[in-house]
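Peer 1: So you can see what is in the structure, the chains are spelled out below.
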Amino acid sequence: MKTIFKVLAALMVLTVFTACSGKSAATTSNLPTSRLLTDATGIDDKSFNAAAWRGILAFYGDTWEKPEKKGKLYDVVTAQTQDMYIPNLKQASDEKYDLVIVTGFTWADALSEVAPKYPDQKYLIVDVDWVGKPNVMEATFSEHEGSYLVGVAAALKAKTDGIQNPKFGFIGGVPSPVITKFEMGWVQGIKSVLPDAQIVDYYANDWGKPELAKAQAKNWYDSGVYAIFSAAGGTGNGTIAQAKEYRSQGKNVWAIGVDSDQFEDGIYAEGKSAVLTSMLKRVESATKYALEKVRDKQFKGEVVVFDTKADGVGFSDRNPELGKDIVDEVNKVRAKIIAGEIKVIPTYAEARKLGLVPANLQASDN
Amino acid sequence: MTFEMLLQMFPIALMFAAPIILTALGGLFSERSGIVNIALEGIMMVGAFTGATVTVLLEESTPAAAWYGLLAGLAAGLVFSILHAVASINLKADQVISGTALNILAGGLTVYLCQIIFHQQRTRAFSNGIQKMTVPLLSRIPVLGRMLFIENYPTIYIAVAAVLLTWFVVYKTPLGLRMRACGEHPQAAASMGINVYRMRYFGVLVSGALGGLGGAVMVLTADIQYTLVSIHGTGFISLASLVFGKWNPFGVLGAGLFFGFSTALSFYAKDIPLLASLPGEFFYILPYLLTIVALVAFAGKSVGPKAAGEIYDSGKR
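Sequence order for the protein chains is H and G.
Under this note's numbering, think of the first position of the first sequence as 1, with each following residue one higher.
Under this note's numbering, think of the first position of the second sequence as 367, with each following residue one higher.
Hints listed in this document are in silico derivations from the structure and should not be mistaken for laboratory results.
Listed next, with one range per pair, are the computed distances between beta-carbon atoms:
#, chain 1, residue 1, chain 2, residue 2, range
1, H, W207, G, L372, 27 to 33 Å
2, G, E676, H, A349, 56 to 62 Å
3, H, T347, G, L503, 52 to 58 Å
4, H, S223, G, I507, 21 to 27 Å
5, H, N205, G, V659, 20 to 26 Å
Calculated cross-link-like contacts (lysine-lysine; reagent style PhoX-like; alpha-carbon spacing at most 25 Å):
#, chain 1, residue 1, chain 2, residue 2
6, H, K297, H, K117
7, G, K498, H, K251
8, H, K251, H, K167
9, G, K498, H, K272
10, H, K309, H, K343
11, H, K332, H, K343
12, G, K538, G, K672
13, H, K288, H, K309
14, H, K167, G, K636
Ideal Cβ placement from N, Cα and C applies to all residues, glycine included.
Make a model of the complete structure from these sequences and hints.
Peer 2: Given below as structure tokens:
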């Protein structure tokens, strides 16, 4: 796979071109200027970067189809390879954008190196909380809370359908504390409805092997698992593929989407989707928030947590088969999380100590 | 381990095996004709992209969209492999370099085309890939029917048919004999009036077609869309299967099934008392480990085509 990135490196020349053209960031309006720097997947990944971009568009009052102020007030540069991270950051800083936005933890090291060299430049990094520089705002998300909500939704659906002894599965990509947050939330959500529900989990150790998730999903669905939540990037596609296959054969099993609403990925027949609900992570909240802070001159180097209350995480109610009763019920749980009546534990060690999750999971806290 | 579990394992193992077998057979044609084809990975990517795209675009108008996807993948792989054929046969480029170039090109090209067609860096998700099927009559055979003919992807039947056809063409027809001669000693073949260039073109183009089909099979049975990582090294695993299967169609079938079953086994191992204590990674390593063992065991014994990888020089003796 790495070879592919090499050819993309050849396109770097193009990136440099794009970067140069945005130089004259006009400052005629009182809105701040900004540049989004993304990893190689770019802004149309239908997920993380796309969401960051939507937040920027919303702030400037533009739409995806008509980014009218792009090139005047804001723009985006895609780093095709990781060795472009530092040059891209420096260039954006040299050009004095009011805010430079980077997405994803892969940028953390580059930003830690560049940020101290430009003390007056403001930066936002998403999904990271360990850079700790006075000119860097860091946004993290309470993925465990969003995962709790989809766990509740799946368990309620199993209950409504009258499934005897339903089991639930979790498929992770590479084990890490962030993915553990997804798993812990999911399990606690299920257990809050069905305390005796059996949980199984699997880590593919890869973000891009859907056939592994598909094989695991088949194995689980065959053994009585009702719903599987995957937080595994492209690997998770396999779960959806298997759920589609089984649902179109009339089996009552579900996949749960992650990060963005995966309803459409799960469509197997007219209006029917195998994705019951999706855990939503609204990265757009973070970019919009940071831009507003810059505009209002309240920008600080701090860690901002986007939780349920800040509408940073949530669940999708787009699948009609979820039903109004369940949606209402989950919204009640959501309100309780916002009010602080329900606390979702993000780490495995603590959740296990409190007896909220089984002891045989493969989740990792470090 | 219950017998039921073994039965459940079959469709999964065969799903893993089918694209590997098809692509490795492609490699067999190419190498038997004397051209090393490490571009199989890239060819699979092009086949997978085309297969997924055609399925997405046709699925509203025909229920057989995924089958057209397979055909399109086959055709796209064939066309893409022409580049390798021209570079390594006519232009006498180093075959490994030309293959590598194709692998690199495939990633950029497919993502670029996704961008143009779907305005994103992957294809849109198709609703239904290749569906599992039950073969009438044969499914009533006790045990064997359950394993092979109930609820399996038909792609494995295509793969097995391709094995038989390959065996017939390579070992039982004059065409196959001539092709093999070009892979062993092209100058000797030429002295008997065989057109070495034409034979090698045949080998490379067939390998492109089978590799493209393998890629399309993979994306349409295991994924919901084509992405840059849909193939993730399966082309290279197919090359390993070719070596492990000693450049023989039935060996390739065995190697492909072996890869398929050892991957599938990792999901069922925890329910098998004897294997439960082994870490899951063990089963991922197993096929690669055995390939290395096989390579070492065959070292010195030239089991592969002798002239594979050599640039054809008609003046050489």
